[in-house]
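J.: Below are the chains, spelled out letter by letter.
Number of protein chains: 2
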Amino acid sequence: MSTKAGTKRVYDFAEGSRDMRDLLGGKGANVAEMTRLGLPVPQGFTVTTATCIDYLENDHTNPEGLDDEVSEHLGRLEEAVGKTLGDPDNPLLVSVRSGAKFSMPGMMDTVLNLGLNDKSVEGLAARTGNPRFAYDSYRRFIQMFGDVVAEVDRDLFEKALTAMKKDRGVEQDVDLTADDLKELVGRFKQIYKDNKGEDFPQDPRAQLDASINAVFESWDNKRARDYRRMARIPHDLGTAVNVQQMVFGNTGSGSATGVAFTRDNTTGEKGEPFGEFLVNAQGEDVVAGIRTPEQLPKLRDHLPEAYDKLIATMDMLEKTYRNMQDVEFTIEDGQLYMLQTRNGKRSAQAMARIAVDMVDEGHVTAEESLRDLVDASQVRQLLLPQLDAANAPDPVASGVAASPGAACGLIAFTADEAEERARAGEKVILVRDETTPDDFHGMVASEGILTARGGKTSHAAIVAVGMGTPAVTGVSGLHIDEHEKTLTVGGRTATAGDHITIDGTTGTVFIGDAPLLPPDPHNPYLERILEWSDKHRRLQVRTNADTPEDAARARDFGAEGIGLCRTEHMFGGEDRLPHVRAMIMAETHEDLVASLHPLREFQEEDFYGIFKAMEGLPVTVRLLDPPLHEFLPDYTDLRMRVAAAQISGRPDEEAEEQLPKVEKLQEVNPMLGTRGVRLGIEIPELYRMQVAAIINAACRVKKDTGHEPIVEIMIPLVGFDEELRFMRDEVVDVAEAALKERGETLHYTVGTMIELPRAAMVADEIAHHADFFSFGTNDLTQTTLGFSRDDAETKFLAQYLEQGIIQSNPFEHIDQKGVGGLVKIVCDLARDVKKIKLGVCGEHGGDPDSVKFFHTLGLDYVSCSPFRVQTARIAAAQAALEQGENDR
Amino acid sequence: MSTKAGTKRVYDFAEGSRDMRDLLGGKGANVAEMTRLGLPVPQGFTVTTATCIDYLENDHTNPEGLDDEVSEHLGRLEEAVGKTLGDPDNPLLVSVRSGAKFSMPGMMDTVLNLGLNDKSVEGLAARTGNPRFAYDSYRRFIQMFGDVVAEVDRDLFEKALTAMKKDRGVEQDVDLTADDLKELVGRFKQIYKDNKGEDFPQDPRAQLDASINAVFESWDNKRARDYRRMARIPHDLGTAVNVQQMVFGNTGSGSATGVAFTRDNTTGEKGEPFGEFLVNAQGEDVVAGIRTPEQLPKLRDHLPEAYDKLIATMDMLEKTYRNMQDVEFTIEDGQLYMLQTRNGKRSAQAMARIAVDMVDEGHVTAEESLRDLVDASQVRQLLLPQLDAANAPDPVASGVAASPGAACGLIAFTADEAEERARAGEKVILVRDETTPDDFHGMVASEGILTARGGKTSHAAIVAVGMGTPAVTGVSGLHIDEHEKTLTVGGRTATAGDHITIDGTTGTVFIGDAPLLPPDPHNPYLERILEWSDKHRRLQVRTNADTPEDAARARDFGAEGIGLCRTEHMFGGEDRLPHVRAMIMAETHEDLVASLHPLREFQEEDFYGIFKAMEGLPVTVRLLDPPLHEFLPDYTDLRMRVAAAQISGRPDEEAEEQLPKVEKLQEVNPMLGTRGVRLGIEIPELYRMQVAAIINAACRVKKDTGHEPIVEIMIPLVGFDEELRFMRDEVVDVAEAALKERGETLHYTVGTMIELPRAAMVADEIAHHADFFSFGTNDLTQTTLGFSRDDAETKFLAQYLEQGIIQSNPFEHIDQKGVGGLVKIVCDLARDVKKIKLGVCGEHGGDPDSVKFFHTLGLDYVSCSPFRVQTARIAAAQAALEQGENDR
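As you go down the protein sequences, you meet chains A and B in turn. Per my numbering, residue 1 is the first one in the first sequence, and the count goes up by one each step. Per my numbering, residue 1 is the first one in the second sequence, and the count goes up by one each step.
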């Protein structure tokens, strides 16, 4: 393959800018930008990413002309700093660092102190008056060059160093003298020669060329390739190579090195300068934590001039980058050098405050702030107590991070116990093997929920997310002895009433009370950001809510309707469950109808409350979805109870009655079994009861308030047009009869969830019978990927993420090509048939990346749990701004 | 909506032909054809299907000009037959019958004997000299017209008839005299008047117009609509109305009526004329079975002239239709009338023979025969013993028709018992709640398999289909008491050693030996048909086979390779299962490797045999697919055993050891859990062992025979390109190491199954790492439709089929729009990337409809069980011929 002759391959820092990341890499572009701004950056030049690719593709040889270009730029560098590489009197030392377009921390190679040889090391010693420093630098260089460039086993050098320390009877590297180090240099050179078969190169230019090529090669090492696969970075970008004059913060008390933020990264406050530094130290020392760094304001006392210059520089960088900056600096003999600047990481609180302050201070417009300074995915943290991780002890176990936020409380092993203790004013964590609808009252009463089994779609997780209660599920090492009222986890045992803390954000568990940070429900900065967002977004944001309380809370968070009201959650209350079970156990049509009567009354009251709470806004009610055996006890438990009853001679009538029914309802793969519309077709009376309850409740609200509820009835799990046609006829039949009986009129619509790949493929046929589609992306992900969420998240999915086989959890961020591809097919097919309302009611509706994807498909709304409504509002606005950008 | 003026709406029979089914319906076109051929057809005319649609769309009123056209054609009819409708002396009687393009038996309305009134009935009595006949015809007409046209409850007429018989003290209708019937006519007219509020119409033309409109209306009745939905007949076709002169086979001994086939419909033989007739009877009497009909040759004795004419007519019709015909005829006073002709239904044996004989007799070409006379779906019946349904008793129960064919034998309740009795030379039916790999040796030994649980993908069903053993599964009323060695089903009890018969073709069960028909494995007619097929087909046909015996058998049936060799079936043998379990239970890497060693030896021997049997043909080996818990005992059973051991104090070490592992491996939805490539990634040693066994076996075959096996290694359940990239690297790594060690070379390819919707959506990405794709349409159907086959087939699917919500079982005939749509996406995406071999290895590969669909997508091959290879060869040829037709 021929390389492109005549291409410019090397750029002085002064020739680049922050817009040239593609060619110069992130680091190269940032130092170029600082150089362009006239800031004190150690000088140097960058070999382009394109050169790296040419080198690798051209049989690992340098493209023509590269040598000359490097010579030219090296010459300019030597001239500018007045030092020469390898000069025995006043040598120039350089660093050679990789720097790709996207940050790949630690994945590729670096060589420091390049330019030292047997002669220039003397010059350095003389110039700095510090022979120890000079020989230490030289031995480090040989070691690094040997390892990175010549592939000599670095252990050999380490062993020689250890032997030297033992020989000298000292503990620390710093205790070795200049003479010791000079001797060590000799031994290192011998190691190099023994292993490489040639002398350590004394020609600085040969050192440089070999180091540049070694950085090129490191782009292709296994570690880097694996990282890129994981981080979805393309393999054909290449890395740039930055050759930069070395500066030293360890030349004496006039020197220092440090890191700093332009604003407080936890509060966002722009107050005192924020950062840390060490006098007479190198960058590595700050990171290594051997000495305790000092707070930045102290630097004013040590080196006032350099300090003032640093503060002014940081201010300038923040204004230039229009974002909070994280900088690295070194002061060499009173002279400030800027080594790096980049946008700083920050807490959710800081993120919100900085986004607003930057607008108020006039640095950015509200649109720019929303687009560039707001991280929608951090918003939810503002609404939850968080673990104070810095002050927390080590966790004793970890499981699935099922519902975020942290909680402390007393252990309760049963729902009744939880409820009792909560009534007595205590904070409780409910701990169960897994939860069932029987436990609902205890879950409501608890601050947090901890289970030994189940993933993010377990009963515990779904109920917890819906209530905004922190939860950790699927803690595999958690053993619960309900009888003895003890739990054992991570080798610790605790009993009912002991304190425990769970962190649902990370999935960790602590024995005792770990420290928490309180939430800030009315963060004024967030309110401003939401104001801006609502001006820009096109997507509507609804909520998934099953109770009047949830509905009201979501409305408070800005929800514009209910996109998913799950009627099965109304079946779980302890007052309802006996009737649900009676319905399932009904042997005759009469029994069935009789069991449905009380359920209808319960449901009507529920819907009445929800419709009232959502006055003026649409409410999408999904008819019953889960398989019926979920409302009965576990099959194996029943078998055990019946067997125990037989042996003991004490009959267990309930278990004996339920067992045959549970046996009959058992399914190999309940996810793909008799649920959703299949239930509605099998037991038409059930859906008819629900529709009657919905319509009657709506009529009563209309009468009582004078406002007509906006009712949308949704049929789940449709895969065939005929299912929806049939069920729509049923719904209309019941609704019209109910309205006729009441002498009322009511507008209502009928739609379906799209949650099966077949439904996507035949969306045109199904659209004929639907007023709206709502994408149930949770189940659509399960069926499209063939991932049972309960099984995947506690089994192979973790390994897949770790090995980089998939890049993100597809239940958190929508799989755009697979599941998203089907969503796109639906949009195209359905819109060809009719104008139809399209929304999303899966959990992806509250994930910023997914929300942006849905925006680009032109959907009408997303629906998410109440606590994610604000996140979705912001993400929707960001999507609109980004699209506006792209369309321009 | 305006109707099309100037359109011809009524056709004399003499104006139509067999090509006019769209306009005249099937019946109208056939009588027109017979008329055109100069055959003796009672004359008449047909009102077009388009008129029906116009009537229904035009607010249920006749289109302009219809009255005049009916008058004109009625006039021509009266003139031609020399009788007039309603004539008091010599009345014309007509039938008014529906007749749509596609047969909808019994769905729409018919009126007979139209034209009778108080006067013409006397003319009919005088003319026939048979007043009883005349009045019986009149009362029948009033009843039929009352019911069909005037919507008078037909029960009222039946009750009056019953009252009359009671009054006269007679049992049978035929015992009523002419006077009785005359009186009954009076009563019927009164019933009509009482209910309709007007007199029974005496004007024959009014009778005719009302009857034609009633037939139009019947197109839209619920029964007809439901039928069309089920049979996928469009609703906008309409029905034609045939008005035809009535002829009577019951006017005396010179009259007769009957049905006949041009060839024997069970053997296909063209020997003696084949059919049945009754002298002095009406068509209804033949069907009703009140009198025993005589065999057709006897008609020569009774009515030689009419007989000769009938034989000549049938011969002519067969030549015209170029197919075996099924005719209805009536002889009125020695005069033959042909009432209907259509292609006759026939047995598999008859189908094959007729297809060949028709070619040898020069009626059709081989291509025409293959396309029009061969029913590929019947072919498999030729290879299986069939229940002699005509002579079988009533079944005692029914379940899932899991594997076709019928079998008789002694009941065995355990695999060991089955094996023992089989060794003793007895024929055995294995009866189990459900089967597991532990039962394999017993299944091999049995003639048939019967289970209480499981559908078509249960262990029992899959193994049975693979072995060609008849099986009935999921018989819900079957109770097995293993302890007492009894089964109870349909109120009958049988014990071990009693005889039982199962019919896997229909899913029925019989106590005792039911009569069977033997198979004909070397049917010479079928051989001829297969010869033609192989000339025309483009699709290759492979087989799914897991043993050398299956491979050899399939090769004998014409398989051109193995498209799916399921390695897990090799894990089930009782000599292997302990090693498989040791592998699963392995705690350390050492244990794991140790357990894999014997398995590798077993697998290598298996592959050696298969590669040898398939010399020169490709073999696709699928690496292990099912979740590992399938190889361990059931979770609930283990729990029960452990509990029992605790109570009894007799330790059950095996159960106690296995329970924690089974608990850990348990999955909520195993279909969507840790299986396929996910296993290969979790336990790389497992797939590596399998690849080493494959490569070593292939090398040994190459060495021993001099022929290099064509090895294709297939990775199951891939959904992400990275899964296949990773696993392909592993396969190549192991294979190259094995080849290097042996100093051999071997060409092998690596591909994947497409069985997840995501794999379809990203087929382009996956194709980069694959040499071939094989569509696993069983699992692709499960995931695309969200149907767990085990659950669906024994639960909601039956109801869906019954209610017409879906038209056919998607596991038998591919769902073309949903699953097929995804297959099409794959073809398009993959072919954009590279030329890639595409095949099907799901059960659809043996279903003729599905094979034709795959042909149209341009796939390379289908693979099916050995017993369906011949079916697929024929279907592939038919697809090619049909496509050739369409392309012309």
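Quick caveat, the hints were computed from the structure, so don't treat them as lab data. These numbers come from a predicted model, not from an experiment. Careful, some of the hints might be misleading.
Because identical chains cannot be distinguished in the list, a pair is counted as satisfied if it fits within a single copy or across any two copies.
[Claimed, not checked] Derived lysine to aspartate or glutamate pairs resembling EDC-like cross-links, with alpha carbons at most 16 Å apart: (1) K196 x E79; (2) K319 x D333; (3) K159 x D388; (4) K817 x D764; (5) K664 x D433; (6) K835 x D199; (7) K159 x E217; (8) K661 x E549; (9) K835 x E605; (10) K222 x D729; (11) K817 x E722; (12) K664 x E434; (13) K270 x D481; (14) K83 x D175; (15) K309 x E654; (16) K193 x E663; (17) K817 x E765; (18) K427 x D416; (19) K834 x E765; (20) K8 x D22.
J.: Against each hint, give a clear statement of whether it holds in the structure.
T.: Consistency of the hints with the structure:
1. K196 x E79: Neither: 34 Å inside a copy, 117 Å across copies.
2. K319 x D333: Answer is neither; intra-copy 28 Å and inter-copy 112 Å both fail.
3. K159 x D388: neither (41 Å within a copy, 88 Å between copies)
4. K817 x D764: between (21 Å within a copy, 11 Å between copies)
5. K664 x D433: between (25 Å within a copy, 14 Å between copies)
6. K835 x D199: neither (77 Å within a copy, 54 Å between copies)
7. K159 x E217: This pair counts as neither: shortest intra-copy Cα distance 27 Å, inter-copy 100 Å.
8. K661 x E549: For K661 and E549, neither the intra-copy (35 Å) nor the inter-copy (43 Å) Cα distance is at most 16 Å.
9. K835 x E605: Cα proximity of K835 and E605: none, with 34 Å in one copy and 62 Å across.
10. K222 x D729: Answer is between; shortest inter-copy Cα gap is 14 Å, intra-copy 60 Å.
11. K817 x E722: Intra 29 Å, inter 14 Å, cutoff 16 Å: inter-copy only.
12. K664 x E434: between (23 Å within a copy, 15 Å between copies)
13. K270 x D481: Cα proximity of K270 and D481: none, with 52 Å in one copy and 80 Å across.
14. K83 x D175: The answer is neither: 31 Å in one copy and 133 Å across copies each exceed 16 Å.
15. K309 x E654: neither (81 Å within a copy, 76 Å between copies)
16. K193 x E663: Result: close neither inside a copy nor across copies, 76 Å intra and 58 Å inter.
17. K817 x E765: Classified as between: cross-chain Cα gap 10 Å, same-chain 23 Å, threshold 16 Å.
18. K427 x D416: within (14 Å within a copy, 60 Å between copies)
19. K834 x E765: This pair counts as within: shortest intra-copy Cα distance 11 Å, inter-copy 33 Å.
20. K8 x D22: Classified as within: same-chain Cα gap 14 Å, cross-chain 75 Å, threshold 16 Å.
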